[in-house]
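Order-wise, the sequence lines are chains A and B.
This note's numbering puts the first sequence at residues 1 to 282.
This note's numbering puts the second sequence at residues 283 to 352.
No lab work stands behind these hints, which were simulated from the structure alone.
All C-beta atoms in this analysis are idealised placements derived from N, C-alpha and C, irrespective of residue type, glycine included.
One should not assume that every hint holds.
[Claimed, not checked] Residues from chain A that face chain B, not an exhaustive set, calculated with beta carbons under 8 angstroms: (1) T2; (2) G7; (3) S8; (4) V10; (5) A11; (6) M12; (7) S14; (8) A15; (9) F34; (10) D233.
[Said to hold, decoys possible] The following label-pair restraints were derived from C-beta to C-beta distances: (11) B:T345 <-> A:Q27: 19 to 29 angstroms; (12) A:D52 <-> B:D329: 36 to 46 angstroms; (13) B:S327 <-> A:G38: 19 to 29 angstroms; (14) A:T22 <-> B:P333: 30 to 40 angstroms; (15) A:T22 <-> B:T341: 24 to 34 angstroms; (16) B:G317 <-> A:P155: 51 to 61 angstroms; (17) B:N349 <-> A:D130: 39 to 49 angstroms; (18) A:D130 <-> B:D285: 42 to 52 angstroms.
[Stated by the list, open to error] Non-contacting residues of chain B with respect to chain A, defined by C-beta distances greater than 10 angstroms in every case (computed): (19) D285; (20) G290; (21) G305; (22) K308; (23) F322; (24) V326; (25) F331.
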Amino acid sequence: MTPFDPGSLVAMLSAFYPTVSTDALAQAFSERPFYFAGGSLVGAGDRLQLQDGRVFLLIYQGAWSAVGDTSNPAAAGVWDANRIAAFFVSQGVVVAPSVVQQWVGYWNLWGWKDPNYFLYRLSHAQELVDAGKATALPADTGGDGLSLDPGPLTPIDPGIQLIPRAGAVFEPLVTDHLSGLDGANAQLDTVSATVTTFDPSASADALSDGTLDGAADAHTGAQAALEGQDPGDLVTTSDGHIAVIEATRPDYDSEPPPDAPVADPGPPPPDNGGGGNLPAPA
Amino acid sequence: MDDLSVQGLTVKDESRYDRNSNGAVKERVYRFYLGKHGPFEERVSLDGFDPNTIQTRITLLRTHLQNIPR
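Excised from the complex, chain A in its bound form (with noise of 0.2 angstroms):
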């Protein structure tokens, strides 16, 4: 919806109609919509009232003008209490509710239809406060005035264990492994030395100071050692062996032993006639 603002109408109407009658201001209603933000003619054809109740009366005193009307029957009934309590809310003021009533009373039987009533009604807040008839709304600090009421359940202190810690376990089975590799490090090190002391180089001329010389020797020796032995006399000896074995084995002369059991089956299943099995030969 377009916002309302009361001088670009009498512009309008100023600049495009300068005669100033109910006729013309209905031409400019219909001829240029727009500045009248979706309100309508009232009363004499000489009013505008807004959506929201606004009444703004366009001539006065021969003159285009945009004048706010109160006297305007419906705009009286704009001002009721929910309004003017909403009014005073939205400006940190609480306004009981008998004596929203009140000046809903006041307003509409003794004439004072002027909306700048709540205001000065407003300027007073603080009296209305004193005087009972008004609860200020806390300042806004971030949050206190909405704070929530303590509930039923009791915050936990997060300085408390609620585990009690066990005694330490790991600690002494590492302690007692280590203790058993006391020295160890005097091993290693030696061994560390040694490999470091250790010359490829010197030991290299093993190869070639004699040590491995008589190796070709030996091997030739060994050899010829087989060579001369001769196993025949072994197998003629084991040949004669097979006669003897065959002469002492006697005969098997076990009984043999008894068969395993074996379950009875039971008698057959009876012949049904049906049910899946073949049909009785005709």
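Chain A is already provided as a structure; the job is to place chain B on it using the hints.
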């Protein structure tokens, strides 16, 4: 004196139904502010369009805005 320069100008061509002529009317719609006043909306018919029309209207509006008592 308040600044009454044209601000926020938007121009759009629209076609609407005219009850008087019982037909469609093509218009160029100007929406703008004059300083802090507005919004204003002026429609210029594209039939026989004169680009100076809108400037004339803006000048008239500005003149009468200056005459409004503050």
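Hint by hint, here is what the structure shows:
| no. | hint | verdict |
| --- | --- | --- |
| 1 | T2 | 7 angstroms, holds |
| 2 | G7 | 5 angstroms, holds |
| 3 | S8 | 5 angstroms, holds |
| 4 | V10 | 6 angstroms, holds |
| 5 | A11 | 4 angstroms, holds |
| 6 | M12 | 7 angstroms, holds |
| 7 | S14 | 4 angstroms, holds |
| 8 | A15 | 4 angstroms, holds |
| 9 | F34 | 4 angstroms, holds |
| 10 | D233 | 129 angstroms, violated |
| 11 | B:T345 <-> A:Q27: 19 to 29 angstroms | 21 angstroms, holds |
| 12 | A:D52 <-> B:D329: 36 to 46 angstroms | 37 angstroms, holds |
| 13 | B:S327 <-> A:G38: 19 to 29 angstroms | 24 angstroms, holds |
| 14 | A:T22 <-> B:P333: 30 to 40 angstroms | 34 angstroms, holds |
| 15 | A:T22 <-> B:T341: 24 to 34 angstroms | 28 angstroms, holds |
| 16 | B:G317 <-> A:P155: 51 to 61 angstroms | 58 angstroms, holds |
| 17 | B:N349 <-> A:D130: 39 to 49 angstroms | 47 angstroms, holds |
| 18 | A:D130 <-> B:D285: 42 to 52 angstroms | 45 angstroms, holds |
| 19 | D285 | 14 angstroms, holds |
| 20 | G290 | 13 angstroms, holds |
| 21 | G305 | 17 angstroms, holds |
| 22 | K308 | 16 angstroms, holds |
| 23 | F322 | 6 angstroms, violated |
| 24 | V326 | 12 angstroms, holds |
| 25 | F331 | 18 angstroms, holds |
Against the hints set out earlier in the document, violations occur for numbers 10 and 23.
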